[in-house]
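Here the sequence shown stands for residues 1 to 267, where the numbers follow the UniProt record's numbering.
Heads up, a few of these hints could be off.
Result set (EDC-like, lysine to aspartate or glutamate): computed pairs, CA atoms no more than 16 Å apart in a straight line [claimed, not checked]:
{"hint": "1", "residue 1": "Lys222", "residue 2": "Asp242"}
{"hint": "2", "residue 1": "Lys52", "residue 2": "Glu178"}
{"hint": "3", "residue 1": "Lys222", "residue 2": "Glu164"}
{"hint": "4", "residue 1": "Lys143", "residue 2": "Glu217"}
{"hint": "5", "residue 1": "Lys193", "residue 2": "Glu178"}
{"hint": "6", "residue 1": "Lys147", "residue 2": "Asp242"}
{"hint": "7", "residue 1": "Lys222", "residue 2": "Glu166"}
{"hint": "8", "residue 1": "Lys193", "residue 2": "Asp150"}
{"hint": "9", "residue 1": "Lys143", "residue 2": "Glu251"}
Calculated from the structure, these hints are not laboratory results. Source: prediction; values computed, not measured.
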Amino acid sequence: MFKHITRVCWRLNEVYEAISLVPRRYAGHSKWQNIRHIKGAKDAARSALFAKISRQMKVAVQEGGSTDMKKNSKLESVIEQARRANMPQATVQSVLRSCENDKSNSKPHLIEIKGPGGCIILCEVFTNNLHSLKQNIATLLRKNQSKYSDGGGMHLFEEKGIVEVEIEKTAKSEELLEIATDHAIESGAEDVKVLDENTLQFVCGSTNLKNVVTGLEKFNYKVVSASVEFIPLKLQELSDSDLKLCSNLYEKLEALPEVVRLSDNIA
């Protein structure tokens with residue numbers, strides 16, 4: 001299980017050992033992650049990224065009950081993400097105005113899906129007609145050997161804050177991880193991983209995301225993304241054919257305007 005980094009209670013060598021023993025996937029280079037990275041190239045397109053952030057803003061307003069960042073910490077986090085993605089301020093303000101004028105009664109919902117090979121996919125949506133949306137999604141599920149879960153899928157995940165930062169390559173991965181671990185301790189993060197030679201990923205409690213981002217920025221890290229995500233407690237291995245089905249299902253689901261975010265427990 002996840003071991004919380006506590007500077008006061010643990011000696012540094014114990015912290016390093018705890019970090020190296022973290023069993024769950026926060027990121028990596030599995031076959032599924034490589035497939036998602038290739039598919040993610042489309043998501044990185046400017047319009048697609050902004051559309052996704054816009055939907056997240058609408059959900060944050062609905063859940064937080066305000067378009068005022070000072071009164072809505074969830075909205076503040078999403079708008080900060082928009083800023084890092086260079087989303088124009090005019091676009092941000094336009095989305096906020098549409099939220100204020102929205103009379104559609106759209107609400108956030110979480111749909112649990114049992115995907116190919118027994119994997120679980122959590123589909124977060126924002127809609128004013130869940131019944132109609134689920135009918136549309138059901139068609140996609142049938143075509144990809146999937147179905148709605150009977151429930152309980154949420155227990156296979158936990159919510160964590162995920163912060164990715166850009167770095168300049170100045171040390172070996174082992175040395176870089178050691179330095180980053182010190183910074184993780186100072187910032188209140190629970191784990192840190194080297195994703196590639198220019199990117200680190202810090203993991204923290206879902207309610208501590210803002211503090212960790214602030215702490216990392218004090219060490220001159222360039223934060224490129226910060227969000228609360230569903231992290232699987234146990235991973236599900238899939239065959240190549242099931243991975244292909246999952247990839248196709250993801251592509252179809254992400255094309256739906258009501259879909260805000262997808263999470264899974266695929267190894």
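Against the structure, the hints:
Of the supplied pair hints, the one linking Lys222 and Asp242 is violated, its CA atoms being roughly 37 Å apart against a limit of 16 Å. Taken as a hint, the Lys52 and Glu178 pair is broken in the structure, with Cα atoms around 34 Å apart against an allowance of 16 Å. A threshold of 16 Å between alpha carbons decides the hint, and for Lys222 with Glu164 the separation of about 9 Å falls inside it, so the pair holds. The hinted pair formed by Lys143 and Glu217 fails the criterion: a straight-line CA distance of about 45 Å is larger than 16 Å.
At most 16 Å may separate the alpha-carbon atoms for a hinted pair to count; Lys193 and Glu178 meet this at roughly 10 Å. A hinted pair counts as satisfied when its Cα atoms are at most 16 Å apart, and Lys147 with Asp242 qualifies at roughly 14 Å. For the given pair, Lys222 sits about 5 Å from Glu166 by alpha-carbon distance, which is consistent with the 16 Å threshold. A threshold of 16 Å between alpha carbons decides the hint, and for Lys193 with Asp150 the separation of about 34 Å lies outside it, so the pair is violated.
Distance check on the hinted pair: Lys143 and Glu251 sit about 13 Å apart at the alpha-carbon level, within 16 Å; holds.
The earlier numbered hints that this structure contradicts are 1, 2, 4, 8.
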